[in-house]
Amino acid sequence: MIIGAAYFLSFFAELGINDKALLVNFDGKKFVTLYNDVSFKKYIFAKAIKTKEIYFEYKTLLSGDTLNLHDEKLISLKAEYKLYDRIKKDFDNHRVLRNIFEEQKRGDWIILAPYPYGPNENLLDELGDRNPPTGPDRKNFLGTDDRGRDVFARLIYGFRIYMTFALLLTLASYAIGILFGAALGYYGGKVDFLGLRFIEIWASIPFLFTVMVISSIMIPNFTLLIVILSLFYWISMARYIRAEFLREKSNDYVQAAIAVGVSDRRIILSHILPNSLTPVISFLPFTVISGIAILASLDFLGFGLPEPTPSWGQLLSQGVSNLSSWWLTFSPMAAMFITLMLIAFIGEAVREALDPKVYSRMR
Amino acid sequence: MKKKHRKELLKVENLKTHFMIEEQKAKAVDGLDFNVFEGEFFGIVGESGSGKSVTALSILRLIPDPPGKISEGKIFFRDRNLLGLSWEDMRKIRGNEISMIFQEPMTSLNPVFTIGVQIMEPLMIHRNMDKKEAREESIQMLKKVGIPSPEMRVDDYPHQFSGGMRQRAMIAIALSCNPSLLIADEPTTALDVTVQAQILELMTEIKNKRKDSAIILITHDLAVIAETCDRVMVMYCGKIQEIAGTINLFENPLHPYTKGLMDSIPTLTKKKKRLNTIPGNVPGILNFPPGCPFHPRCKHKMPVCEKVVPTLLEVEEKHLVRCHLYNKEGKN
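Chains as they are written, first to last, in my numbering: chain A, 652 to 1014; chain B, 4 to 335.
Honestly, the hints are just simulated from the structure, not real lab data.
Bear in mind the structure is a predicted one, so any value in this text is a computation, not a measurement.
Honestly, I wouldn't trust all of these hints.
Per the computed footprint, the stretches of chain B lying under chain A, defined by three or more beta-carbons under 8 angstroms from a beta-carbon of chain A, are [claimed, not checked]:
{"hint": "1", "segment": "34-45"}
{"hint": "2", "segment": "92-104"}
{"hint": "3", "segment": "109-115"}
Ideal Cβ placement from N, Cα and C applies to all residues, glycine included.
All chains, please: the whole structure from these sequences, using the hints.
Shown next, in the form of C-alpha cells:
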C-alpha cells in the first residue's frame, strides 16, 4: 500500500521537489513554468531588449540637450532596464528570482515547490565557500553530493526511476519467460528438450559480466538496460511456467478444450495460463526487488544508467569515495532498505492471502 | 429390419492404437473394426483397461503423442478419413461434428472460467457467433440439459455446481454445436445413481430428437447399456470380443467373457447365494497372453485357445463373436 502510494506520488514529484517554480506572476501576467517555461523566457527576453532600447533611445534624445543624469524619467527607465536585465540573467533560477521579486516589491510573486531543489541542479553558487559534498542542513535535508546536487531530490527522483525500471524489467522478463515456458510445457517432446538445453546454455552465461561488457561497449540508456537485463531475467520464470504447464496440460479440462476444437494458442493463453499463474504471483514482488538491487549494483559499478540520471547506486559509489560524508552512503541505503522491505511485505501479504492453510504459520 | 436402411455415420477399420511404455509397445487398441449407424445408440462395454477410452480418444485423435500413436487403420466419418485430415481440419470437426463428454465432470471444466463462457467457446469457434448470441444460446443449452434458472447459473463457476450439474454442463458444451456424433466416455461413472438415471434419460432424449446423429456410450456398467443402447460392443484387451444388438446380447450372450459379465450382475428374479465373478484380472497391457487373451480366465478353455487368436465370426445375424467355441476349426 505504502509503496504503491509512494510510487504514485513520485510521478508528481515535480510539484513538490523542483528548482523550477510552479507559477510565476510577473508584470500582472501569470506563467505556469513547471514543465515549460518557454513563454516566460520569451516574455522576459523580449521585455529586456525592449526596455533597453527605450532607455537608450531616451538617453540619446536627452543627450541633444545637456544630459541631465538626474532626469527622473531617465532614472526610472534605467532601473526598469536593469531589472529586466537581471531577471534575464537568472530567469531559470527561480529561487534567485524570488529574492529579486521580494526586493523589488512590485507586486510580482512566485510560487516555488515546497522543496525548491532539482535533482540535477548544481548548487555550487548557493553553497558559497563551502565545498561539496556538504552535510545536511535546513536548506538541503540530506546535504549535497560531490557535485553540489541536492541528495534528497536525487533520492526521490531516483526512487521513481528505480521503481519504473524494476517494474518494466519484471514485466518484460515475465512476458518472455511465460511465453517461452508455456511453449515448452505445452508442446513438450522435442520442443521441450531443445528449449531446456537452450535455457541451460543461456543460464550459464555469466550474467553480470555480460551486462558490464555490453554497457561498456554501448552507452546504456534506460530502455537498453531493460532489454539487456530482461534477456537474462526470464529464465527462472520460464522454468516455473514450464513445470506448471506440464502439470496443467494433463488435466481433463485441457483435453476437453481440445475436444471442443479450441486452437492451441487459445488453450495456452486462456485455458492453461490463468491456472498456472501461481509462481508468477508469488515471485512478482521478489523479482521487482531484485530488479532494483541489480540496477543499484550496476549503477554502483558505473555500468548502469548514464550521468546525470539521479541514481541510488551512483550516490552509494560517491559515498564510498567520500567516506567521511556519511549522508551519501546512509541516505540511499536507507531508501533502498525501506523500499525493498515494503515490496517484500507485499510479497509476504500475497503469499499469505493465497495460503490455504490460514494458521500454518502460527503453529 | 430398420437398421439395414440406415446410413453409416462412423466406420472404424482395423484401428490400432499403441503406446510406447519403456521401449515396449502396449497395444491398447489392437485391430478394431466396427461401425455406427445414424440414429444409433452404440454401447462399448468392457473392464477397466480394455481399450474403451482409447478407442474414443482415437476417434477424435486425442491420443497423447508421444507416447501414444495410432499406428494403423482408418476411421471414416461420413466417408472422410479422420486419420488423414490435417490438424486444422480436425479442429473444425472436434466439438462441431463429433464431440465428447468426459468421464470426470469435476476436472473436465476449467476452474477459471464461468460455465457460460465454456459453453460459449465452441459456439464462437464453430458457429461464428458473437458474444451476445452465444450467451443466449448457452442459456438455452443449460435449459435443455435441465439446469434450473439458467439465466443466473450461466455466470457461475464450476465449483459452484454440483457433480451432476457439472456433468450436465459438460453435456451442454458437447451438444452446443449439435454434433452428429456424441462420444460419451463413462459419463455416469462419477455420479450417484439417481443423477445417473437423469443423465441417461437426457441422452436418450437427445438421441431421439435427432434421427441422423448417433451416440457412442462407453461404460463398464451393463445396466446402463441395457437401459439405453441399441447395439453393444464388448471389448477385452483392445479387441472386440462380441458385437450384437442389446436385446440379443442380453438374452443370448455367446462369448464366455460376456457371459461372465452377465453373471456378475445381480438380478431381481433369481435368488442366488453369491454373485459369480470372473476369476483373475485383466492381464497387464504389456504381456497379453498369446492366443485368445481371455483364455487364462476362461471356463471353456481349449488347447487351441492358448495358441491361436480367434477371428471375429458372425455366428448369428448381426451377432459377431471372437471365440474358438463357435469356430469350426476350434472345435476340432
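Here is what the structure says about each hint:
1. 34-45: violated (count 0)
2. 92-104: Answer holds; 8 residues pass the 8 angstroms Cβ test.
3. 109-115: This one holds; 6 residues, not fewer than the three required, reach chain A with a Cβ under 8 angstroms.
The structure is inconsistent with hint 1 alone, although it conforms to all the rest.
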